[in-house]
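Chemist: Residue numbers (the numbering used here), protein chains in the order written: chain A, 1 to 201; chain B, 1 to 314.
Just so you know, these hints were derived from the structure itself, not from any lab.
Be aware that one or more of the hints could be misleading.
Partial pick of chain B residues on the chain A-facing surface, computed with a CB cut under 7 Å [claimed, not checked]: (1) Q3; (2) H6; (3) H8; (4) Q29; (5) E32; (6) L62; (7) L66; (8) L254; (9) G307.
In this text, a Cβ means the ideal position worked out from N, Cα and C, and glycines have one as well.
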Amino acid sequence: MRKGDPVGLPFSYGLFLRRYMGPAKLLINPLQFRLTVDRLSHQLVEEHGDFSESALIGIQPRGVHLASRLRDRIAEITGGTSPLCGELDSTFFRDDFRRRDQPLQAARTHLDFTVEGLKVVLIDDVLFTGRTIRAALDALLVHGRPASVELAVLIDRRFSRQLPIEAKYVGRSVDSLDSQRLKVVWADLDGGQDRVELMNS
Amino acid sequence: MPQFSHQHLLGIRGLDRNDVEAIFETAEQFKEVINRPIRKVPSLRDITVANLFFENSTRTRLSFELAEKRLSADVVNFSSASSSVKKGETLADTVRNILAMKVDMVVMRHPHPGAAHYLAEKIDVPIINAGDGTHEHPTQALLDCFTLRERLGTLEGKKVCIFGDIRHSRVALSNVRCLQLLGAEVMVCGPVPLIPRHFGSLGVKVEHHMDAALEWCDVANVLRIQLERQGSEVPFFPSLEEYHAQFGLTSERLERLSSAPLILHPGPMNRGVEIASELADRGDSIILEQVENGVAVRMAVLYLLAGRLGGSED
């Protein structure tokens, strides 16, 4: 039996899902995707104004795409200069080191500013167990003491949290099984159109 | 994405291109880490690394120790000068005793070729070879190639010549293998007695004339004359002065060339023997870059090897 399958059922629930619901379901279509990013941008502007005291920081590897989308959209909305935007890698701060067959490959950290005194918005594509965000908080503090830290995510997989971490800005909340996988597809990175898929693996 | 697929780092032999790329990619990130205001990450928290140096070393040992500390590992140091090795204990026994104190990784330098391989068969913690006699010195080769790649973009098709005491150098063998793995053309150059005959079988060019070799190469890796390993009864060359006259790298030699090669030196330098003092001080050599990259590359190796420790637990 697969981890996450309801206990006691006489058949594999994952197999059932795959058979009757197909391999992948479109969770957010391209139009909804654009509207969601728009809404998140407006919420951020509502809270942070012209971003003179704030910074967007995308978490590697997949949060950086959302961060740059939000940066561009926010610049359009405010009509001013685009907000400070950085890329943060949390690999060396993770708590699952030595619990995998292979260590994770680190990605680039690119912050050309210190976060000292800034209102930081951490950005990731999917919030799941919360452990990546925990590691990112540690990685962030190396670069100074921010005035505050908030979290913005495109997808919040509720009921899967292993740590007391919640996002302030959420694109869409999703109830899903642990065995299911979520994929945020970026047009400029993965081809096709921007969308979010739920896969029964 | 390249993965490092070995339990130990005993030599460049046995590694493939993927392993080296994995080390380099990780080292790039660590180079960024050690240039931050806070140069430390918690990855190797709760891992104890033993640095066993059965032979003297300054920079390799310091570099490993710094790498371990920047990764938050606990470090114990051992040098044979002040130990039971002098009382006749065998290598395997010494190391087993140290491991009984719950050490998770071993970094070892030893005067005997193959010591690290021997140990790898006896004990099952990851071992990093920090130089075994005249055999291999993998982390030095990795940091040399990492530095070159940073400077040149790629090593594919580049011409690299290793000058000096090839016979007694562990750096030479590791470098030849690593450079070839990354697609470079390699030449060795030195006095006839200091180049072992079998080097031809590694697929490298052999040259005995300094000027011809300098004209050929894009990169000159100048090795140290290992004064402590020269034959005591029959020397391999008449005198240091004569060596300098024939094989010393000087600015006069470089000025005669159509284009000057990049100069590497793994240290410690014998000024006035294999390299002239004024060249060693010139700003355009990348000798100190090598030292900085040494820490980043060693952090990468430690990280990739330590990360596999818990693999079987889950």
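Chemist: Look at each hint and say if it fits the structure.
Modeler: Each hint, compared with the structure:
Of the supplied interface hints, the one on Q3 (chain B) holds, with its beta-carbon coming within about 5 Å of a beta-carbon of chain A, less than 7 Å. At a threshold of 7 Å, the smallest CB-CB gap from H6 (chain B) to chain A is about 12 Å, leaving the interface hint violated. The interface hint given for H8 (chain B) is broken, as the beta carbon of that residue sits about 15 Å from the closest beta carbon of chain A, more than 7 Å. Because the closest C-beta pair between Q29 (chain B) and chain A is about 4 Å apart, less than 7 Å, the hint holds.
With its C-beta approaching chain A no nearer than about 6 Å, E32 (chain B) sits inside the 7 Å limit, and its interface hint holds. The closest approach between the C-beta of L62 (chain B) and any C-beta of chain A is roughly 22 Å, which is over the 7 Å cut-off, so the hint fails. Interface restraint check: L66 (chain B) against chain A, minimum CB-CB distance 16 Å, threshold 7 Å, status violated. Look at L254 (chain B): its Cβ only gets to about 36 Å from chain A, farther than 7 Å, so that hint breaks.
Look at G307 (chain B): its Cβ gets to within about 3 Å of chain A, closer than 7 Å, so that hint holds up.
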